[in-house]
Amino acid sequence: MTAGIVFYLFCSLVALIGAITVVVAKNPIRAAVGLLTTILGIAGLFLLLNAQFLAAIQLIVYAGAVVVLFIFVIMLLGPDPKVSEEGHRTRVARGVGGVAALLGMGAALYALGGSVQPAELPPARPEHGSVEAVGGLIFSAGLVPFELVTALLVVAIVGAIALVRRQGRPPRRVPATDNPTARLFGGPVHPRDGGKPLPKEPVS
Amino acid sequence: MTLPIGNILDHYTLLAGTLFALGAVGFLVRRNMLIQLMSIELMLNAVNLALVAYNRVHGADMNGQMFAFFVVAVAAAEVAVGLAIVVAFFRLKSTVHSDDADTLRH
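Just so you know, the protein sequences line up as chains A and B, in that order. First residue of the first sequence? That's 1 in my numbering, and the numbers climb one at a time after it. First residue of the second sequence? That's 1 in my numbering, and the numbers climb one at a time after it.
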């Protein structure tokens, strides 16, 4: 057992525990922490696979932004709402979920049986996965998708704002008085009136 | 770097497949929209792991890592819009239960 294998086993165990936590957690906050655990484990695996740039991106974007956004929304919506998992379609959903799990595992096992590879990771070139190399590739071969991603992010920001913006403006409260001072300022404007509201009916 | 059984790429494939299957199960079984979104993130992460692992073993270049980078960007946009939809839905129905998203059925 080399150190690499030990690190691989540790990271994959962390990722799996986090994923199971996401699926079974009753409390959404706990599920978000499980997602964070999975992301950290996968970032460790990225480091092991000579993908330093992607490991940093994973930590910054996922752990730094996505999970925080999730927790933000969970806090915004309140400590919820007791979502009962026993809907009338839950049994059907469980059946479909079981079939999907079997299909996924079957696909993984098929891929495992179908690939015959050398037993060790081949030695990587020293620049494999470094920021310079991946950045150079993104700005040469992947330039058009990169620019399209910027457009996608702008569209996503505008769409998110448009979705959560309240429709229409709240009605303005119009003071029900004929006194122009009260209509304009809604209260006493002179220091000697301080603390005393203006009379409801204007003195004529 | 060898494990007692199989070779290392098989293990990465199996791990990615397991994570993807867990995400799929979470998306299909759970009724809480927030947890369903987290399951989608789980599946995208599993795909990224498989891309990077295969790129490390097979790739002479780093196209797999570049693709994983784009997947991360799209996932970030997706989660922003998805959470906005959840917030808008919560304002409408005061719940995040996805079985209650049945306005178009009635």
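Any given hint could turn out to be false.
Stated by the list, open to error - Where chain B lies over chain A, by a calculated footprint (3+ residues, C-beta under 8 Å):
1. 2-16
2. 41-51
3. 55-66
4. 94-104
5. 131-140
6. 154-163
What the hints assert, rightly or not - According to the in silico footprint, chain A covers these stretches of chain B (three or more CB under 8 Å from chain A):
7. 41-53
8. 87-98
As the list claims (entries may be wrong) - One side of the interface only, derived from the structure: several residues of chain B facing chain A at Cβ under 8 Å:
9. Leu-15
10. Gly-17
11. Phe-20
12. Ala-24
13. Ile-35
14. Gln-36
15. Met-38
16. Met-66
17. Val-74
18. Ala-76
19. Leu-83
20. Ala-101
21. Leu-104
Just so you know, these hints were derived from the structure itself, not from any lab. Each residue gets a CB set at the ideal place from its N, CA and C atoms; glycine is no exception.
Does the stretch 154-163 of chain A contain three or more residues whose Cβ lies closer than 8 Å to a Cβ of chain B? Since three or more residues must qualify, the claim that chain B covers the stretch 154-163 of chain A holds, with 7 doing so at under 8 Å.
Quick check: the stretch 2-16 of chain A, covered by chain B? Criterion 3+ residues, Cβ under 8 Å. holds (count 7)
Tell me whether the statement that chain B covers the stretch 55-66 of chain A is true, taking a Cβ distance below 8 Å and needing three residues at minimum. Contact hint for the stretch 55-66 of chain A vs chain B: holds, 6 residues under 8 Å.
Double-check B:Ala-101 for me: the hint is only fine if its C-beta lies closer than 8 Å to a C-beta in chain A. At about 12 Å, which exceeds the 8 Å cut-off, the nearest Cβ of chain A leaves the hint on B:Ala-101 violated.
Hinted contact B:Met-66 with chain A - closest CB pair below 8 Å: Holds, because the Cβ-Cβ distance from B:Met-66 to chain A comes to roughly 5 Å (cut-off 8 Å).
Satisfaction of the B:Phe-20 interface hint, Cβ to chain A closer than 8 Å: Hint on B:Phe-20: holds, closest Cβ of chain A at ~6 Å, below 8 Å.
Hinted contact B:Gly-17 with chain A - closest CB pair below 8 Å: This interface hint holds because 3 Å falls under the 8 Å limit.
With chain A as the partner, please determine if B:Ile-35 meets the hint condition of a C-beta pair closer than 8 Å. Hint holds; B:Ile-35 Cβ to chain A Cβ min 5 Å, cut 8 Å.
Using a Cβ cutoff of 8 Å, are there at least 3 residues of the stretch 131-140 of chain A near chain B, or does the coverage claim fail? Three-residue rule met by the stretch 131-140 of chain A, so holds; n is 4.
Establish whether the coverage given for the stretch 41-53 of chain B by chain A is satisfied; the threshold is a Cβ-Cβ distance below 8 Å, and no fewer than three residues must meet it. holds (count 7)
Supplied contact hint for B:Leu-83, tested at 8 Å Cβ to chain A: With Cβ-Cβ at 5 Å, under 8 Å, it holds.
The stretch 41-51 of chain A covered by chain B? Criterion: 3 or more residues, Cβ-Cβ distance below 8 Å. Check passed, 6 qualifying residues.
Violated hints for the displayed structure, listed by number in ascending order: 14, 20, 21.
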